[in-house]
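These protein sequence lines are chains A and B, in that order. The working numbering numbers the first residue of the first sequence as 1 and each following residue consecutively. The working numbering numbers the first residue of the second sequence as 336 and each following residue consecutively.
Misleading hints may appear alongside valid ones.
Claimed, not checked - Pulled a few chain A residues facing chain B out of the computed Cβ check, cut under 7 Å:
id : residue
1  : P143
2  : E146
3  : S148
4  : R182
5  : G201
6  : V202
Unchecked claim - Covered stretches of chain B (in silico footprint by chain A; criterion: 3 or more residues with CB under 8 Å from a CB of chain A, positions within the stretch not fixed):
id : stretch
7  : 346–353
8  : 415–428
9  : 482–496
As the list claims (entries may be wrong) - A few chain A positions that, by computed beta-carbon distances, are all more than 12 Å from chain B:
id : residue
10 : S26
11 : I169
12 : M180
13 : F183
14 : I186
15 : I190
16 : K206
17 : Y207
18 : K236
19 : I295
20 : R302
Quick caveat, the hints were computed from the structure, so don't treat them as lab data. We put the CB at the ideal spot given by N, CA and C, even for glycine.
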Amino acid sequence: MNFPSKFHILLIAGIILILVPFFVGSYFLHVMIIIFFYAFLAESWNILGGLAGQLSLGHGIFFGVGAYTSSIMFIKLNVSPWVGFLVGGVFAAVLGLIISFPVFHYKLRGAYYALVTLAYVEIFEKLALKIEYVGGALGILIPLRESSLLALQFQSKKPYYYICFALMIISIGITHWAKMSRFGYILSAIKEDEDAAEAVGVNATKYKLIATALSAFLTAMGGVFYAQYTTFIDPKTTLSVFVSIEIVLRPIIGGVGTILGPILGSFVLTPLSELTRLLIGSGQSGVHLLVYGIILIVVCLRAPRGIFVEIQTLFRKYFEKRRGEVVRHYGTARS
Amino acid sequence: MALLEVNRLHKSFGGIRAVNDLTFSIEQGEILGLIGPNGAGKTTVFEVISGFTSPDSGGVKLNGHDIVGLKPYSLCERGICRTFQLAKPFLNLTVLENVMIGILAKGEPVKTAKEKGNEILKFLNLLDFKDIQAKFLTIGYKRRLELAKALSTQPKLVLADEVMSGLNEKEVMDTMDILKKINGRGITLFVVEHILHAIMALAERVIVINHGAKIAEGTPAEISRNERVITAYLGRGFSDRFQDLSKEKR
């Protein structure tokens with residue numbers, strides 16, 4: 001490969017992102033945090049939705065379970081959110097397994113799987129609204145205690161920035177590992193054709209469940225971070241279909257199943273949603289959804305494999321032209 | 336003892352009896368053919384043996400152990416692998432990756448899977464295509480890739496469902512050679528095929544079914560003379576031609 005390697009580009013981007021907080025204001029930092037945050041969630045979804053090809057619309061559940069678990073533990077038991085990351089993650093993973101096992105076992109695939117997960121989000125949202133112990137419709141207000149790493153509460157935005165940045169990097173690392181390993185190859189076979197995968201000895205249900213648990217665990221960690229960052233959670237904003245859709249849109253626009261597509265999706269979509277909110281005002285709620293809709297239509301028509309794949313292809317073509325080479329691209333789903 | 340024993344198998348879909356009281360056995364190391372008119376239930380027999388469908392009644396035994404109700408992947412672990420009538424390669428994966436999946440499913444690491452995958456592709460003369468996506472292959476190579484995928488699971492018994500349909504004469508000859516080569520490795524083959532001259536040349540024994548029931552069993556020569564088979568499936572013309580061919584060979 002003669003063109004500037006992906007690794008170098010990422011390294012430079014990483015260094016810039018590490019230095020950013022020293023030069024920008026608080027609002028810009030907030031936008032960056034939200035970008036990282038959605039990038040992390042998108043990448044977590046990507047393990048199940050992209051690598052294993054299961055279009056989950058139920059990630060709102062895992063997100064909500066993470067946020068609620070850690071917040072309740074924090075308020076009622078005074079447990080650090082860092083423990084909440086682990087406990088919330090495990091809860092979400094176990095819940096994911098319980099929900100998904102019958103779905104996978106009875107071979108609900110494609111749109112049917114998506115519909116079942118959608119139904120589950122609705123159920124859990126209603127549950128959270130009804131149960132007083134978790135705050136009901138009022139939600140949970142997380143009291144500001146002290147600015148400390150242990151309580152994951154800070155006066156400045158910088159620590160949040162770096163924590164969220166780290167989460168995003170971790171999710172990229174996990175996805176990269178998953179994709180290059182035995183696990184990833186097997187998931188890609190399941191994504192292509194489940195019957196054919198079973199015919200060559202793949203226990204598809206087992207691998208889909210592992211992917212679900214991993215994806216749910218990470219998504220719940222995002223929920224924990226969200227609760228500590230915004231200090232307020234309620235069913236509508238943490239445990240609803242809207243959360244699921246916010247998560248799913250980014251990988252779809254960036255590139256489902258690629259390692260960096262979901263990250264790119266967040267870098268494109270999140271600032272846009274912030275911008276529309278800023279320009280049009282949050283009073284006109286729903287305008288950012290309109291913008292999402294338009295972008296989604298354009299991307300689906302012009303770049304159905306996602307922006308990332310298109311950019312990659314353009315990039316390759318450009319550098320091959322410069323070297324005067326004619327290379328036919330057969331490509332692979334795994335590149 | 337037979338490798339696979341099928342005993343009084345029944346399977347109905349609604350009012351249609353796809354498999355009706357079918358009994359046969361497959362011996363270790365042989366090539367057994369299964370022929371019959373369209374809709375005779377050949378693919379259903381395969382689906383039942385490979386675990387994709389469960390039978391209404393009857394038994395299937397592999398090396399004397401009952402295997403009815405086991406899932407496809409666990410049958411695959413036990414050494415039964417099927418190919419699909421409509422070739423089902425993993426279209427967006429490369430040819431090598433297609434073959435690697437079966438090896439990885441056995442628990443091998445990626446590196447070993449690549450090495451073993453390359454060996455299998457070499458064995459089946461597919462090595463030139465290893466880095467292109469399966470969707471770019473012609474139908475002939477797609478079917479050959481099906482066989483490669485089956486081999487990747489280190490099977491004892493391969494159920495080959497019409498691996499020659501839609502191929503030209505040259506490709507049929509190649510596929511026959513490949514099947515013989517696979518059989519030469521000690522792998523038992525159970526082959527459904529509509530290309531009769533191919534199966535007659537290939538199989539040591541042939542079973543003929545019609546409406547899900549067995550109407551004849553024997554060597555290709557016996558089958559081609561069997562009155563019931565001629566009326567149900569072969570037709571007079573094929574029978575005569577086949578007799579002539581057999582005479583010429585002698």
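So which hints don't hold here, by number, going up?
1, 2, 3, 7, 12, 13, 14, 15, 16, 17
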